[in-house]
Amino acid sequence: MTQYNDIMDEIVEIAPILASLPKSNLDQVPEHYFDQVEDEILSQLSLLKDDNQRQLALPADYFSKIDEVIMERIVDQVQGAKIIEMPSRKINYLKYAAILMFFVACLGVLRYATPEKNMDVASQLTQSEVLDYMADNAEDFDINMLIDQGMIDESTLDGISYISIDEETEYILDSDF
Amino acid sequence: MIANHMTYPDDLQILELIALPATKDAGYRQLVSKYKEKLYWHIRRMVEEHDDADDVLQNTFIKVVRSLNGFQQQSSLYTWMYRIATNESLNFIKSKKSKHSESLDKGHLDAVKDSHYFDENSALNHLREAINALPEKQKLVFNLRYYDEMPYQDIADITETSVGALKASYHYAVKKIEEHLKATV
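Listed in order, the protein sequences are those of chains E and D.
Each residue of the first sequence is one higher than the one before, counting from 17 in my numbering.
Each residue of the second sequence is one higher than the one before, counting from 650 in my numbering.
Isolated chain D (complex conformation) (with noise of 0.2 Å):
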């Protein structure tokens, strides 16, 4: 899994700083500190820009923190975030696309590539593309599976889909990126 190897304390215990006022602000640094980055990086994955992801990953913390007196505890709170995350994400594209219909697409590939941030592995490269060539849900599925090690429950509670239509997806995607591989590397 891609993300730093900190030592923070489990979710239940964050949980009960928050919600402690002599704690709280305490339990809201471990929660953004512990999330942070694994959040970012499921949202840059979406978003594909920086600086869209950076605004997405804040509006999702101002959220998550906003919802908190609202969590159930029916799933866990690292998919809760990540559903909040998700659909901000979504959202945002959403409003994006319909701002610039041409977004998202292969011109919008190569802003990407002449932006600052990014990595000329020409492999990586032709990666991303076959990724961004996925439709939304097979992309988000696959991201959550490939790069953040997520087990397939998981996954479904966080897209509310069956783990069947999960496998059945990721399958599609691993085996179009393999494709599209195949025919560029």
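Just chain E, with the same shape it has in the complex (with noise of 0.2 Å):
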């Protein structure tokens, strides 16, 4: 039994108004479409064969030459490289170390050098004190500076020794200055 004789077979048993009707395309085409649709197909897979052979054209004797152009371009980028010796990534941890440092020690000066600081210091001192470390360290200069901007009492200097502008002159003369 043939493909067709199968198939109308199961369609009369099952669907007779189906097996009734005629068997043809519902649609119909434009004239000499089929030709015309070979020939359009035929020029385009034309097209498609001159790419194909366009990507895939070779030089004659492109196989047996290119090992040998290769290799000389191989040997001509060693032989013309140019070493640049690199610097030693230690040296550069060292250098990062050391600006490390240094802000921090700015931050540590900074910290401990600001009035504030000093004026917390100084209000710690008794005024003994303060006359006594003058006493040992000023000189008349600093002392007549102090008093001039009223950070000091000038009666308060009474019984304090301190070297005169000239014993001061004399000191610097003798001196290796």
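It is worth saying that the hints were derived from the structure and are not from the lab.
These figures come from a predicted structure and were not determined experimentally.
The beta-carbon is built from N, C-alpha and C at its ideal position, and this holds for glycine as well.
Incorrect hints may have been included.
[What the hints assert, rightly or not] Using C-beta positions, here's what the derived DEER-type ranges look like:
| # | chain 1 | residue 1 | chain 2 | residue 2 | range |
| --- | --- | --- | --- | --- | --- |
| 1 | E | F50 | D | L739 | 19 to 29 Å |
| 2 | E | P32 | D | A782 | 12 to 22 Å |
| 3 | E | I82 | D | T810 | 47 to 57 Å |
| 4 | D | D674 | E | H48 | 21 to 31 Å |
| 5 | E | V94 | D | D674 | 41 to 51 Å |
| 6 | E | H48 | D | Q722 | 30 to 40 Å |
| 7 | E | D25 | D | D674 | 39 to 49 Å |
| 8 | D | N740 | E | Y112 | 57 to 67 Å |
[Said to hold, decoys possible] Using 30 Å as the maximum straight-line C-alpha spacing, the simulated BS3-like pairs for lysine-lysine come out as follows:
| # | chain 1 | residue 1 | chain 2 | residue 2 |
| --- | --- | --- | --- | --- |
| 9 | E | K39 | D | K743 |
| 10 | D | K746 | E | K39 |
| 11 | D | K745 | D | K687 |
| 12 | E | K39 | D | K786 |
| 13 | D | K816 | E | K39 |
| 14 | D | K687 | E | K39 |
| 15 | D | K825 | E | K39 |
| 16 | D | K687 | D | K712 |
| 17 | D | K743 | D | K687 |
| 18 | D | K825 | D | K687 |
| 19 | D | K745 | D | K786 |
| 20 | D | K745 | D | K825 |
| 21 | E | K39 | D | K831 |
| 22 | D | K816 | D | K831 |
| 23 | D | K743 | D | K788 |
| 24 | E | K39 | D | K824 |
| 25 | E | K39 | D | K788 |
| 26 | D | K745 | E | K39 |
[What the hints assert, rightly or not] So the derived list for chain E, only partly shown, Cβ under 8 Å to chain D, looks like this:
| # | residue |
| --- | --- |
| 27 | Y20 |
| 28 | I23 |
| 29 | I27 |
| 30 | L34 |
| 31 | L42 |
| 32 | D43 |
Could you use the hints to bring the two separately framed chains together as a complex?
Below, the structure written as structure tokens:
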């Protein structure tokens, strides 16, 4: 039994109306369509083939010469290569560490050198301690300046021995300056 | 089967022609000449409009030729080509549906009826309506079995479905079409 008969037997059994209809294409195509479409497809395939040939075309003896060309290029690259010495990473790390240390030190100096900090330390000293310190370390120029600025009372200096301007001048002349 | 009755070399001979550079063009010509009408009608039944079928047919042949190197001959050439045509058609329908959400519905059928190439035979129009109302898979199986008169095994190769599932699908499709024809003819 042919495939067609098999199919029609199936249909007659379950779909008699469908089986009674003529089996023809429901649609039509333009006249000469199948001739034209064949030419159209073949011309597209020809373009496709040209593209493939263009993409795959190779010069004559390409594969017999290519290994030599590659070797020559490799040799040129190796001989012409310029050796550049790269800086050591260890030195870079030391540089960064030094910069970091410098910033930490600056922060420390700024923290302890602020006027507020100095004022705090000064406020903890007694007047007599200040005067004793000045007696040992201050010169009359400094004391005069403090008096001029109104920072100390001249009367509190009674009994403090300090060198005079003349003594200071004499000291400087005698020294190695 | 609806096809022309010219004599063509068998598929193996066509493949041998294509494999040789000297006969490649002749092989392509034989391939296109042998399958253009079968594939056209297969595609046309799926995409419905002639211009769309024309585009899909040309794309199908280009894809076939581009993929011929990868054709493993595990299936026959014609089922392999039908599978490509089916996939191209389904992709086309999908992209068209996403562009025009109302395509392929009743409004679309009216547009087909208005087209120049529409056959006015009323019983066949009802048959067309019934086929177009089927789900895509049932429609594909029905067309391949009813119009292309393919054995179930070949349809299974094309649709990558089991023969049992295909038989059930075809049976449901025929029953639905019959119901539609009973109600309208």
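Now the hints, each set against the structure:
1. E:F50 / D:L739: 19 to 29 Å: holds, 23 Å
2. E:P32 / D:A782: 12 to 22 Å: holds, 20 Å
3. E:I82 / D:T810: 47 to 57 Å: 50 Å Cβ-Cβ, so the 47 to 57 Å window holds.
4. D:D674 / E:H48: 21 to 31 Å: Once the Cβ atoms are compared, 22 Å apart, the range 21 to 31 Å for E:H48 and D:D674 holds.
5. E:V94 / D:D674: 41 to 51 Å: Since E:V94 and D:D674 have Cβ atoms about 49 Å apart, the given range 41 to 51 Å holds.
6. E:H48 / D:Q722: 30 to 40 Å: Since the Cβ atoms of E:H48 and D:Q722 sit about 34 Å apart, the hinted range of 30 to 40 Å holds.
7. E:D25 / D:D674: 39 to 49 Å: Hint holds: Cβ distance 43 Å, inside 39 to 49 Å.
8. D:N740 / E:Y112: 57 to 67 Å: holds, 60 Å
9. E:K39 / D:K743: holds, 28 Å
10. D:K746 / E:K39: holds, 29 Å
11. D:K745 / D:K687: holds, 23 Å
12. E:K39 / D:K786: holds, 21 Å
13. D:K816 / E:K39: OK: D:K816 and E:K39 at ~20 Å, within 30 Å.
14. D:K687 / E:K39: OK: D:K687 and E:K39 at ~15 Å, within 30 Å.
15. D:K825 / E:K39: holds, 18 Å
16. D:K687 / D:K712: holds, 16 Å
17. D:K743 / D:K687: Roughly 22 Å between the alpha carbons, so the hint for D:K743 and D:K687 holds.
18. D:K825 / D:K687: holds, 25 Å
19. D:K745 / D:K786: Distance of about 17 Å is within 30 Å: holds.
20. D:K745 / D:K825: holds, 26 Å
21. E:K39 / D:K831: Holds. E:K39 to D:K831 sits at ~17 Å (cutoff 30 Å).
22. D:K816 / D:K831: Holds. D:K816 to D:K831 sits at ~22 Å (cutoff 30 Å).
23. D:K743 / D:K788: holds, 15 Å
24. E:K39 / D:K824: Measuring from Cα to Cα gives roughly 17 Å; hence the hint holds.
25. E:K39 / D:K788: Within the cut-off at roughly 16 Å; holds.
26. D:K745 / E:K39: Cα-Cα ~29 Å, so holds.
27. Y20: holds, 6 Å
28. I23: Because about 6 Å separates E:I23 from the closest Cβ in chain D, which is inside the 8 Å limit, the hint holds.
29. I27: Hint on E:I27: holds, closest Cβ of chain D at ~6 Å, below 8 Å.
30. L34: holds, 6 Å
31. L42: E:L42 check passes; min Cβ-Cβ to chain D is 5 Å, inside 8 Å.
32. D43: holds, 6 Å
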